[in-house]
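Quick note, the sequence shown lines up with residues 1 to 581 if you use UniProt numbering.
Using 35 angstroms as the maximum straight-line C-alpha spacing, the simulated DSBU-like pairs for lysine-lysine come out as follows:
id, residue 1, residue 2
1, K305, K255
2, K255, K304
3, K190, K255
4, K304, K190
5, K113, K207
6, K305, K190
Using C-beta positions, here's what the derived DEER-type ranges look like:
id, residue 1, residue 2, range
7, L298, I84, 52 to 60 angstroms
8, A195, L298, 23 to 31 angstroms
9, T161, L234, 19 to 27 angstroms
10, T133, K37, 50 to 58 angstroms
11, T279, A195, 32 to 40 angstroms
12, R559, E440, 35 to 43 angstroms
13, L449, L335, 42 to 50 angstroms
14, F11, E295, 54 to 62 angstroms
15, R432, H565, 41 to 49 angstroms
16, T87, Q324, 34 to 42 angstroms
17, T133, V73, 19 to 27 angstroms
Treat the hints as calculated values from the structure; they're not laboratory data. Just so you know, these numbers come straight off a predicted model, no measurement behind them. The beta carbon of each residue, even a glycine, is placed where N, CA and C say it ideally should be.
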Amino acid sequence: MRTFALSSLSFALTILVFGNAFFQKKQFYPSIVYLTKSNSSTAVLYLQGIVLIYLLGKAIARIFFGQLRPTEVEHLIERGWYAITETCLAFAAFRDDLSFRFFTMFTLLLFIKCFHWLAEDRVDFMERSPVITRVFHLRAMGVLTCLCLLDAAFIRYAYRTTLARGASVQLVFGFEYAILFVFALGVWQKYILHAIDSRSDEPWDRKAILMLWGELVLSAASLLLYAMFIFIMLRVHAFPLFAIRPAYTAFRSFKLALSDMVLSRRAIRIMQQRYPDATAEDLSSSDNVCIICREEMLPDTGCKKLPCGHIFHSNCLRSWFQRQQTCPTCRMDVLRDNQQQQQQQQQQQQPPAAAAAAAAAPSAPSSASADSQAAAAAASGSAAASSSPPAAFFLPSADFSASIPAAPAPLLTDDLKQLSEAELRRMEAWNREALERRVEHLQRISALLDAAVLQMGQYTQLMARIGPPPPLAEDSQAGASAAAASAPAAGSAAEATANSTSSSTKPAVKSENWSPEPAASQPASTAKPESPSVVDDKPDLTGSGSASSATAPDQSEIRRRRLLHLSSRDGLKAEDEDSLD
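Full structure from sequences and hints, please.
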């Protein structure tokens with residue numbers, strides 16, 4: 001009803017425009033000139049042309065497709081908006097070539113695109129339709145043949161025009177019709193495969209893989225055409241902004257087709273190699289109807305049992321895996337489950353290899369070898385104690401990552417009664433191997449700890465034999481200067497302090513080959529008065545001795561106490577180990 005109203009309004013406006021032109025000009029040629037020069041008259045004529053094209057399209061669709069289904073109309077409108085947007089972008093790219101012929105060519109291109117989309121939807125409906133009549137086959141073959149001929153004719157026309165006049169807008173039309181020709185070939189392939197499959201009572205096993213290969217080849221051809229078109233447009237004109245969306249769609253289709261091809265072949269190979277055939281007991285204990293083809297499964301019909309426990313026909317699984325790599329019932333990922341099985345097999349094979357590597361590796365040092373090493377080190381340390389202080393001691397670093405194998409994944413289950421005898425034996429073997437490895441690792445750690453304790457005892461014995469180092473001359477002079485800065489300048493108390501500390505500083509002074517001055521042994525009452533500089537020199541000797549005697553023994557005493565404490569702890573630990581042994 002809406003189409004009829006719009007068509008009637010358009011025809012009425014066209015009649016009024018023609019009547020007005022002939023009423024004013026009275027002749028044919030002046031009337032035509034008036035119609036082409038008047039903007040309002042030109043707009044009405046364009047509207048009438050669009051309505052005529054729409055009515056012609058509906059008539060042709062009625063001939064080749066009959067009554068359109070709601071899904072086909074919905075898909076046509078959805079794709080039409082994208083095509084109109086791309087057409088507007090093409091108008092912006094070729095604004096210098098805008099003319100009536102240009103608009104006509106783009107309208108015809110959009111018109112032919114719509115028929116390509118309708119043909120694809122109708123052929124896809126052919127697979128879901130239970131009854132295919134001869135009229136359907138005649139219509140499908142007729143529309144596909146006409147579309148291929150039109151595409152080839154427009155490609156030839158664009159090629160000749162480009163060779164004769166150079167790069168122009170015909171270059172765009174030529175590539176668009178080339179892509180539509182590839183699209184029509186894909187629809188032809190689907191129609192032929194569906195027609196062959198519909199004639200046989202049993203499902204055709206090779207149909208899915210042939211369709212997958214066809215999609216891969218045709219999507220690759222479309223992607224190659226778009227790449228060539230963009231490259232040529234960049235060389236001769238400008239970047240084709242209107243070709244971004246279809247080029248991305250072609251790339252995405254090629255990527256999906258390639259991914260489906262690789263994953264389907266992998267899933268089919270896993271099904272043939274790893275999945276067992278279903279037995280009569282499996283079929284009797286579960287539902288023996290394949291949910292893919294809705295037919296009863298028999299023991300001799302080649303049924304496969306998935307790891308999740310569901311059973312299907314092998315041919316049905318093959319066709320299913322070419323689109324989805326999951327279980328049709330529980331949606332279990334077939335490829336992920338195969339990866340988990342491979343990891344479990346690697347873990348089962350890894351412990352024997354790791355045990356062989358651990359046996360080949362050098363074991364921890366025994367107690368006898370550790371004692372001999374400690375005695376040799378003590379002898380060498382005592383021999384070198386008189387010549388130079390001992391070097392820094394470093395504990396050996398042990399790398400446990402190479403000798404510790406990865407533990408196998410435990411077999412998780414809710415009820416052990418559901419496990420078979422083989423699974424229980426395998427679980428027992430895993431637990432026994434894990435326990436043996438743990439005990440072995442604990443023994444190695446204990447041996448390493450014993451060796452570390454022996455080496456620490458050797459270190460403490462060497463430090464106790466060497467003793468603290470003697471103070472140096474620079475340290476005594478630094479202590480003397482510090483004491484001189486803090487002592488009082490003069491007085492009986494300072495002299496008494498100097499006399500009392502002179503006796504305690506004699507060993508340090510002798511060790512440095514110093515000779516006491518005579519003025520230091522005289523009493524304070526008989527000493528001559530001296531200048532302030534002479535008086536300040538007396539406390540330097542006494543102050544240096546006092547500082548060295550006050551600091552050096554304290555540090556050595558602290559160090560000696562620490563070493564005695566460590567040796568006592570080692571002795572107690574050794575006694576505990578002897579008592580345990």
